[in-house]
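Now for the letters of each chain:
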Amino acid sequence: MYVAVKGGEAAIDAAHGWLAEERRGDARVPELTVAQIREQMTLAVDRVMAEGSLWDPDLAALAIKQARGDLIEAVFLLRAYRTTLPRFGASVPVDTGAMLCDRRVSATFKDLPGGQVLGPTFDYTHRLLDFALMAEGEVPPARERTAEPGPVPHVVAVLDREGLIQREAEGEGPVPDLTREPLELPADRALRLQALARGDEGFLLGLAYSTQRGYGRTHAFVGELRTGTVTVEVEVPELGFAIALGEVVLTECETVNQFAGSRTEPPQFTRGYGLTLGRTERKALAMSLVDRALRWRELGEDFVGAPAQDEEFVLSHCDNVQATGFLEHIKLPHYVDFQSELELVRRLRREAAEGATREAAE
Amino acid sequence: MDGSGQMAVAERPGWMGLCARAPGARLMELVGALGPRPAFAWLRVPEIGSVMIRGRAGGTGAAFHLGEMTATRGALRLSCGTVGHGWVQGRDKAACEAAALVDALMQTGAAARVRAAVLEPLEREALAQRRARAAKAAATRVEFFTLVRGEDQ
Chain A
1 MYVAVKGGEA AIDAAHGWLA EERRGDARVP ELTVAQIREQ MTLAVDRVMA
51 EGSLWDPDLA ALAIKQARGD LIEAVFLLRA YRTTLPRFGA SVPVDTGAML
101 CDRRVSATFK DLPGGQVLGP TFDYTHRLLD FALMAEGEVP PARERTAEPG
151 PVPHVVAVLD REGLIQREAE GEGPVPDLTR EPLELPADRA LRLQALARGD
201 EGFLLGLAYS TQRGYGRTHA FVGELRTGTV TVEVEVPELG FAIALGEVVL
251 TECETVNQFA GSRTEPPQFT RGYGLTLGRT ERKALAMSLV DRALRWRELG
301 EDFVGAPAQD EEFVLSHCDN VQATGFLEHI KLPHYVDFQS ELELVRRLRR
351 EAAEGATREA AE
Chain B
1 MDGSGQMAVA ERPGWMGLCA RAPGARLMEL VGALGPRPAF AWLRVPEIGS
51 VMIRGRAGGT GAAFHLGEMT ATRGALRLSC GTVGHGWVQG RDKAACEAAA
101 LVDALMQTGA AARVRAAVLE PLEREALAQR RARAAKAAAT RVEFFTLVRG
151 EDQ
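These protein sequences, in sequence, are chains A and B.
Position 123 (the first sequence) corresponds to 123 in this note's numbering; numbering is contiguous.
Position 102 (the second sequence) corresponds to 102 in this note's numbering; numbering is contiguous.
Keep in mind the hints are simulated off the structure, nothing from the lab.
Warning: the hint list may mix true and false statements.
[Said to hold, decoys possible] Listed next, the in silico DSS-like pairs over lysine-lysine satisfying Cα-Cα at most 30 Å (straight line):
1. A/65 with B/93
2. B/136 with A/110
3. A/331 with A/65
[Said to hold, decoys possible] Per the computed footprint, the stretches of chain A lying under chain B, defined by three or more beta-carbons under 8 Å from a beta-carbon of chain B, are:
4. 17-28
5. 84-97
6. 193-204
All values derive from a computational prediction rather than experimental measurement.
Every residue, glycine too, gets a C-beta built ideally from N, C-alpha and C.
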């Protein structure tokens, strides 16, 4: 039960005033600008855009500043802003095969057209704190090698040529949209992928790890992981043609899993898919493992009761804005609810005590 | 669209897309340098909204909703009656106006001048930026060397 509680306005005002001061921190230290966050906290910005489900680096940087670096709070701010926007339409599905890759690696094939391109990665760093970053200094320019920008083929196409990998089915009917209709179960793959793409990275990481440790084991290989720029094309209804309206950075992960075959399918490899806004590699990788685990039904595999296979469990709990909203509301005043609980416990104790006295007397 | 993600700017979708993706400040600078702003009336004042980005399962399968991006659109009419549509990525209404002006002017006798002063620089700069990233990526391409093993000697 919720009952409006009056009072506390002055305390709330003072709390928010203090919040603003604490957000600013020591005034002798220069204030962070939104542009600095956008340019130098890029992976935090990307994570907020991915889970906020809105590509706008300036707004994500602003949200991070406003939230004092609390990324879930920042995601919440971005989602709230998004709800105020009119929707102009949906894009033509992006062509990730035409991606201009900053990074593209495969763990399954060493030699492949376009090669293994590491990009600006943390991989192979020693994970030692770099004290040089505490001092101000110029960064030497990155090395370059002459190259023409151009697309590189998807790695799984190599397996596809031999028919060794399951083909992706074309979708039918309208594309479901979680932001317009509530989640309905069972969900088709398009709805699952949308939910996972905006899901919490930590939650997906934990689930993906659980499949690796044996809870719904699918033994994934990373067929390909790529990050780069894709063009977003939009049909302009009043003109009757599509324009390449924007560019976004995406991370795409395709995992390849062994599959013994079923009554209708010969033994082949199956795939898990991750696609996320921004440079969000851990998330894309986790998403592809969880996507694969959720496909047990269509692939005729057994449901072994693993959390990552349980569509209702995964899809109902992967959204961190929903989760934190429900979790955090319990810290807000529940005085009246609690008062009634208190009354109840007191009465039960009184009755128990009276019962004991009666028994002793008999 | 060719492989580099670029649409030829000879056609209307090409020039509209080029303006849409250009850095807003640069677009406005180039349009401002064209001279006095032509007289126009808004048919639809710039409006900020979103576009839902779609992907495909496995890159090739069923379409799904990946997430949205911000965009701004507007439409104007020059005093000669030519209508220009401005669509830009992001939330910049002034850039939307500049894009709509370019679209309108490209349908008038000013097309050659606008092409040379606005579209060609934007296209060159976009290509230079793509080349720079491609060059940095290429420098991180792994070259494998086959090690000579003991038993082969």
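- Hints not upheld, ascending by number: Number 4 only.
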